[in-house]
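> Take a look at the letters that make up each chain.
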Amino acid sequence: MAASFYRDLAEIVALSLEVSLGAVALAALLAIPLGAVLALGRFWGRGALVLLVNAAMGLPPVVVGLGLYLLFSRAGPLGPLGLLYTPTAMIIAQTILVIPIIASFTRETIEGLAAEYGDMLAVLRAGFGQRLATLLAEARPALLTAILAGLGRALSEVGAVMIVGGNIAHYTRVMTTAITLETSKGNLALAMALGGILLALALGLNLAVGLFRERMRERAHA
Amino acid sequence: MQNRIGPWRHALSRLLQALALVTGTFLAASALAASASAGTLIVQSTTSTRNSGLYDHILPAFEKDTGIKVKVVAVGTGQALKNAARCDGDVLVVHARPDEEAFVAKGYGIRRHPLMHNDFVIVGPKDDPADVRHARSAAEALTRIARTRAPFVSRGDESGTHKKEKALWKAAGIDPTAASGSWYREAGAGMGATLNMAAGMGAYTLSDRGTWLAFNNRGDLALLFSGDPALYNPYGLIIVNPAHCPNVNLKDAQAFRDWLLSEKGQKLIAAYRVNGEQLFFPDALPQKDGEAEKKDK
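Residue numbers (the working numbering), protein chains in the order written: chain A, 663 to 884; chain B, 29 to 325.
Misleading hints may appear alongside valid ones.
[Unchecked claim] What follows is a set of in silico ranges between Cβ atoms, one per label pair, in the way DEER data are often shown:
#, chain 1, residue 1, chain 2, residue 2, range
1, B, 292, A, 665, 20 to 30 angstroms
2, A, 669, B, 270, 52 to 62 angstroms
3, B, 229, A, 879, 35 to 45 angstroms
4, A, 859, B, 207, 40 to 50 angstroms
[As the list claims (entries may be wrong)] The calculated DMTMM-like cross-link candidates involving lysine to aspartate or glutamate, where the alpha carbons are at most 20 angstroms apart (straight line), are:
#, chain 1, residue 1, chain 2, residue 2
5, B, 99, A, 670
6, B, 97, A, 670
7, B, 198, B, 291
8, B, 194, B, 93
9, B, 110, B, 93
10, B, 292, B, 311
11, B, 194, B, 248
12, B, 92, A, 880
13, B, 279, B, 93
14, B, 198, B, 168
15, B, 97, A, 673
16, B, 99, A, 876
[What the hints assert, rightly or not] Beyond 10 angstroms from chain B on every Cβ pair, some chain A residues (computed):
#, residue
17, 725
18, 746
19, 847
Rather than coming from a laboratory, the hints here were simulated on the basis of the structure. Glycine included, each C-beta is placed from N, C-alpha and C at the ideal position.
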């Protein structure tokens, strides 16, 4: 049992990382520009959009999962893509869950920085692009925190990946769905151990990003 | 002002183009991956066959024999039937015979094949306050629980086990949902989660024997009643009808069915044991399965 157990475990950990890191990367790519536009843009409906993005931080994963299930189901509009019960569908689900978090953090940060540096940038007669670049560069440490918060949401989420992934062994089973499964088998010790591993994983990722952020700060102040 | 917006617009449109490209590539790649996944089979299944470890026991042999990769989506029987009706699967392995026959009658499935069976058992706290142990039938066992208002956890999720439980209450002439929230507790959960709850609150519940035998958090729970023919639990196999769902992987689904119903598949099912106890009794073997059943009692 031991060898195959550790192989299965490694597989599950690897897929968890692949799905959640993939989702966070994709979400950051979409959410940071979105947050910046919400912070600096002046357009009709901005206030409503800000409210919507903030509220979406509380999206229940199971609702996102259900919505995507209906979309990706063979009987649904995107059925022919064959995405249901694939890791890709899981990445899409977590991306949707992470976008509001990163976008909100980004908007908040950029707005704060814009207030702080606004006069200086105006004196320098900086264009919109320059202002954006300056503010984003200044916001980098805070954006890393936003990304970590998003990663936390993705790694801990179970409702969405359970529905769109199906918790298929060796294919779409991740840490959280494995914990649910072991709990339902009454293997509480094993479920708890998996929870410990997930926690250690989150700790390691936070530590790595924390160290990276420190170095970034040091360089900025050198 | 205009010259400020200019470069910004330009940058934004470049960014959007890049995003479109990334997203497009991503979707195309995954669509390609999906179309290249011939030789894989999605089985919509009840949970008991997975939670009991049966699939881990038989699927490696099937995959080795045929090279077909089996992906099991284990949900309750009710959800499995609904998912399959939406074409999200190739084969069903479920246990709610009337619903299975309705599924085939509606044209969603080709045919129901008897695959195997075991039985349901009533489990509850060892001290057995409702004295279910001495009931002469399943209906009487439930009547005793209702009379003493001893806590009973229902699956409450339209699974095969839940459907069976509802039929048993009906046979006993009791409507337990009138007591929902007091002694009758509807969990809306899978078998394992329901057993965890029953163990946690010292309640009775109905379980399939396979999940019960493989369950590792029994606490104070014990098997208190079994053996009534009304507790018979047959599992059926259905291939989703390609006339209803053109995406069905019919060739591999047929290979799966033929293999499971073959002597080899059926013997493997019969050979699966947890702590020395046989969990499932093959129904497609021409003879000898009667012997195995006698040992069960």
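> Take the hints in turn and mark each one as holding or not.
Status of each hint after checking the structure:
One distance hint, 20 to 30 angstroms for the beta-carbon pair residue 292 of chain B and residue 665 of chain A, holds here, with the actual separation near 26 angstroms. For the pair residue 669 of chain A and residue 270 of chain B, the supplied restraint of 52 to 62 angstroms is violated, since their beta-carbon distance comes to about 36 angstroms. Between residue 229 of chain B and residue 879 of chain A, the C-beta spacing of about 52 angstroms breaks the proposed range 35 to 45 angstroms. For residue 859 of chain A paired with residue 207 of chain B, a C-beta distance near 42 angstroms keeps the hint of 40 to 50 angstroms intact.
The straight-line distance between the Cα atoms of residue 99 of chain B and residue 670 of chain A is roughly 15 angstroms, inside the 20 angstroms bound, and the hint therefore holds. Of the pairs offered as hints, the one joining residue 97 of chain B and residue 670 of chain A holds, with about 16 angstroms between alpha carbons and a cut-off of 20 angstroms not exceeded. This hinted pair does not check out: residue 198 of chain B and residue 291 of chain B have alpha carbons roughly 38 angstroms apart, beyond 20 angstroms. For the hint linking residue 194 of chain B to residue 93 of chain B, the alpha-carbon distance of about 40 angstroms lies beyond 20 angstroms, and the restraint is violated.
About 30 angstroms separates the Cα atoms of residue 110 of chain B and residue 93 of chain B, which puts this hinted pair outside 20 angstroms; it is violated. With a C-alpha separation of about 13 angstroms, the suggested pair residue 292 of chain B and residue 311 of chain B falls inside the 20 angstroms cut-off, and the hint holds. Taking the CA atoms of residue 194 of chain B and residue 248 of chain B, the gap is near 25 angstroms; set against the 20 angstroms cutoff, the hint is violated. Among the hinted pairs, residue 92 of chain B with residue 880 of chain A is inconsistent with the structure: their alpha-carbon atoms are about 56 angstroms apart, more than 20 angstroms.
For a cut-off of 20 angstroms, the pair hint linking residue 279 of chain B to residue 93 of chain B stands: about 15 angstroms separates their Cα positions. For the suggested pair residue 198 of chain B and residue 168 of chain B, the alpha carbons sit about 12 angstroms apart, so the restraint of at most 20 angstroms is met. For a cut-off of 20 angstroms, the pair hint linking residue 97 of chain B to residue 673 of chain A stands: about 17 angstroms separates their Cα positions. Annotation: proposed proximity of residue 99 of chain B to residue 876 of chain A is violated, straight-line Cα distance about 44 angstroms (limit 20 angstroms).
Residue placement check: residue 725 of chain A keeps its beta carbon more than 10 angstroms from all beta carbons of chain B (closest about 16 angstroms). With a least CB separation of 6 angstroms from chain B, residue 746 of chain A falls inside the 10 angstroms interface cut-off, contrary to its annotation. With a least CB separation of 5 angstroms from chain B, residue 847 of chain A falls inside the 10 angstroms interface cut-off, contrary to its annotation.
Checked against the numbered hints given earlier, this structure breaks hints 2, 3, 7, 8, 9, 11, 12, 16, 18 and 19; the rest are met.
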